[in-house]
Amino acid sequence: MWNYIEGILCLALISVISVLGLTVFTGFTGMFSMGHAAFIAIGAYTASILTSKAHANFYLALALGGLMSGFVSLIIGYPTLRAKLQNDYFAIATLGFGEAVRVILENLKITNGARGLVGIPARSTFLNILLITVLLTIITAHYVYSKYGRQSVAIREDHVAAEMMGINLFTVRLRALFFSAVMAGIGGGLYAHYVNFIQPSMFTSTQSTTLIAAVVAGGMGSITGPFVAMLIFSALPEILRVADMWRLVAYGLILVLIMVLRPQGIFGYKELNFKFVKRWIKKIRAKKPALPAEGGDA
Amino acid sequence: MEEILVVQKLTKVFGGVVACKDLSFCVKQGEIKGLIGPNGAGKTTAFNLITGVIPPTSGSILFMGEELSGMKPHVIVKRGIVRTFQNIRLFQNLTVLENVIIALDQQNSNYSVGASILRLPGMKREERRVREAAMDYLRVMNLEQRADQTSSSLPYGLQRKLEIARALASQPKLLLLDEPAAGMNPEESRELARLIQKIRDDYHLSIILIDHHMDVIMDLCDSIAVINFGEKIAEGTPEEIQRNPDVLQAYLGEGYKRAKS
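Those protein sequences? They're chains A and B, same order as listed. 1 is the number of the first residue of the first sequence in my numbering; add one for each residue after it. 299 is the number of the first residue of the second sequence in my numbering; add one for each residue after it.
Read the hints as simulated data drawn from the structure, not as lab findings. Any given hint could turn out to be false.
Okay, the calculated bits of chain B under chain A, using three or more residues with CB under 8 Å as the criterion [stated by the list, open to error]:
id, segment
1, 369 to 378
2, 383 to 389
3, 403 to 409
Note that beta-carbon positions come from the ideal geometry of N, C-alpha and C, so glycine has one too.
So here's chain A without its partners, still in its complex pose:
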């Protein structure tokens, strides 16, 4: 039983890493990327090739996989962000980019085409996945809650005003894209060394959509929101296994409900941290004595 739960947790945490990156780009900078699966794929392939063919150190391979994703993000980000593509226009550009990367991976010799890479060493364990997730969460939080994060938020809130404040839209957006791509790449590396087998069809736009859905449902402008949302999203299909054929319907229904009932997301513009919990407890305590009075009125 624990093996089963551990397996789900590992995959969930790996997805969380990619979502953290996307949070910086979408939740804080306000840009929508529909091609983030491509960055996961690039990280996964780079790290796998390094460990299985060049016998490189696992952590070095992870880092290089992340950097490779980051490098590719600059290639797609430079022309699109320089041209000030935004909103749907940028989303469509990334959608095309994501598909292009997948097709390229299917046709390269070093990636073994559509058959994919097999026999990737099993180096990702529950422990190192957990530690890397914690580390990257802290790094993301530190990055976002600094002057660099504030620049991103300013652009999300009002890019015209942000520019009038002396913020260079291009560099800030590109930096956020780079950051998110590196994170996705590291997530991809961990994933490859966990399932020991990758092929291009694993990294489709469906995966990109799930990441975006987690960020939006979890809450824009929040790190913990998307973090929790991704954990739920990963666990949900397993929990809903009892409902068998209805589980995808239920999954969709839950998404719709979140958007209808809480359009700002579960933790929109808030963080689930110590301060928040303290304020929440205070609120409940303040409410309690008022309850009997309300009952009396009825």
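With chain A fixed as given, assemble chain B onto it according to the hints.
The following block gives chain B in isolation, referenced to the frame of chain A:
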């Protein structure tokens, strides 16, 4: 007095519409310059051209001897021209203080991405310093008590003041105010006028002011340029403007002269 901004033969054409035609005026160091005219005359377009939001079709903008046309907006801000917006553009989901901090960040908070990720002591010190400095700007506009409120929850008049506080935090040499008194009652706009004068003196600013409150304009401005259909129809001191027959006909109305006398 030295001229800080010289606008020469500035023209902007949108398709077939001439929004700004051969507009020339200059702003002297320390002066408050009024820019008035009927709605749609091209006042805000002039601001957009000066701040680089839109490129001019032709003409030149010299700021402290440097040609601005063709520069990116964020570069022009660094040169020292900062503006506020006619339709308020605050960072709505952020607190009042954060709005000012973002403007200050661009000017003088100094730490690297690495320092922010590792939370080095230098970064924390900088953050504290920027916070303190931001509070000072709020104090200037009497907003310090609202520091932790979200900016969208402020009443309208205070949102306008916050925009000015934020613009000040960008440390301008030339401040462009686009209808700062819009929607304010006479008492509020008088208080605002006093504040504008005070910040001009305290921060050694030159100011260009667009507004429709003639009492504010006539009170504050050292000189006024009147625009109609994208063209300057008059320029001079408030007294000269009030007597100018073209201005009375195009904008102020004959009633203005009678009401004054």
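Discussion item. Tell me the numbers of any earlier hints that the structure contravenes, in ascending order.
Written reply: The structure conflicts with no hint, since it agrees with every one listed earlier.
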